[in-house]
Amino acid sequence: MSQRKEFYERFGHFIEKIEPLLPSSPDEIDWSKPAFRWRQKSYFGVELGTLEPIVEVAFVDPKNIQNVERQKEILLSNTEQFVKGLPANNVLLTGARGTGKSSLIRSCLSKFYPEGLRLIEVDKADLKYLGEITALVRTRPEKFIIFCDDLSFEPGEAAYKALKAILDGSISASSENMIIYATSNRRHLMPEKMQDNLACGMDETGLIHPAETVEEQMSLSERFGLWLSFYPFSQEEFLRIAEGWTRHFNGPINEEWKVEALQFALQRGSRSGRVAYQFARDWTGRNKLKNDK
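In the working numbering, the protein residues as written are 2 to 294.
Heads up, a few of these hints could be off.
To be verified - With a cut-off of at most 30 Å between alpha-carbon atoms, the simulated DSSO-like pairs for lysine-lysine come out as follows:
| # | residue 1 | residue 2 |
| --- | --- | --- |
| 1 | K294 | K259 |
| 2 | K259 | K289 |
| 3 | K73 | K125 |
| 4 | K162 | K125 |
| 5 | K259 | K73 |
| 6 | K85 | K64 |
| 7 | K129 | K165 |
| 8 | K165 | K34 |
| 9 | K259 | K64 |
| 10 | K165 | K85 |
| 11 | K165 | K125 |
| 12 | K73 | K34 |
| 13 | K129 | K162 |
| 14 | K129 | K85 |
| 15 | K34 | K85 |
Since the hints were made in silico from the structure, they are not lab data. Quick caveat, the model's predicted, so the values are computed rather than measured.
All chains, full assembly: derive it from the sequences and hints.
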């Protein structure tokens with residue numbers, strides 16, 4: 002009898018030690034958090050996924066995103082439709098790096114979080130678990146943006162077909178309280194090769210028929226209801242963004258500031274919004290440190 006009691010006690014201690022390592026059940030998830038990250042982990046040889054709250058969310062005020070007013074208006078309007086239970090589209094944001102694609106999506110969370118919007122960040126490798134994520138949030142009253150950043154695929158990746166199914170191809174995969182926002186530097190999300198275009202054919206009427214590879218490349222991006230394109234900034238636009246961020250950090254604006262801003266962009270080989278933000282932080286920090294000394 003004592004051996005059985007000792008066994009149960011040791012087993013109880015074992016359960017207490019491994020319990021914190023196990024994934025949270027849906028009832029244990031704190032849905033009041035604004036953003037989550039999907040994590041796939043191995044537990045004793047079994048793959049299980051869970052939603053982990055993001056401790057410090059990088060909120061972005063829509064007012065701080067400049068020179069993409071049209072894209073901002075469309076995305077905020079689509080998000081408002083979604084939050085209010087009206088028809089809305091999945092969105093693909095493509096174009097030059099550092100032009101505010103990801104920041105614009107985070108600004109939607111900043112604006113509509115009080116109205117029940119939540120964001121779930123999903124890595125490309127974990128897109129094959131979209132069905133599990135959908136099942137997890139389907140009965141929740143909140144609205145969820147599935148955020149896929151810097152999305153691109155190589156031929157044969159499993160995540161490609163999973164995303165394709167969730168966007169349009171699978172009836173069971175859809176959910177009214179979930180929408181997908183993705184960013185990419187590629188318009189069609191897959192690498193385009195010259196030989197794919199050479200394989201295109203033309204019938205006797207002159208109608209061009211894309212090759213199967215090209216059709217496959219285009220079929221995924223076409224499943225996004227909205228395409229928003231972002232373009233490199235001019236010098237004037239870059240300086241305007243840098244000035245906005247410098248004022249945000251309470252940094253000085255003078256003739257030296259303009260020269261240093263352009264030199265900073267030249268050294269980085271880019272006049273993107275990201276570079277403007279980085280310059281504003283560097284310039285403001287250096288000047289405040291100089292004044293303190």
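Hint by hint, here is what the structure shows:
1. K294 x K259: 24 Å, holds
2. K259 x K289: Given that 30 Å is the threshold and the Cα spacing comes to 17 Å, the pair holds.
3. K73 x K125: 24 Å, holds
4. K162 x K125: 12 Å, holds
5. K259 x K73: 27 Å, holds
6. K85 x K64: 22 Å, holds
7. K129 x K165: 10 Å, holds
8. K165 x K34: With a Cα-Cα distance of about 28 Å, the restraint between K165 and K34 holds, given a limit of 30 Å.
9. K259 x K64: 22 Å, holds
10. K165 x K85: 26 Å, holds
11. K165 x K125: Answer holds: K165 to K125 is near 13 Å, not above 30 Å.
12. K73 x K34: Holds - the C-alpha atoms of K34 and K73 are around 24 Å apart, at most 30 Å.
13. K129 x K162: Given pair K129, K162 holds - Cα atoms ~8 Å apart, limit 30 Å.
14. K129 x K85: Holds, because 28 Å separates the two Cα atoms, which is no more than 30 Å.
15. K34 x K85: 19 Å, holds
In this structure, every one of the numbered hints holds.
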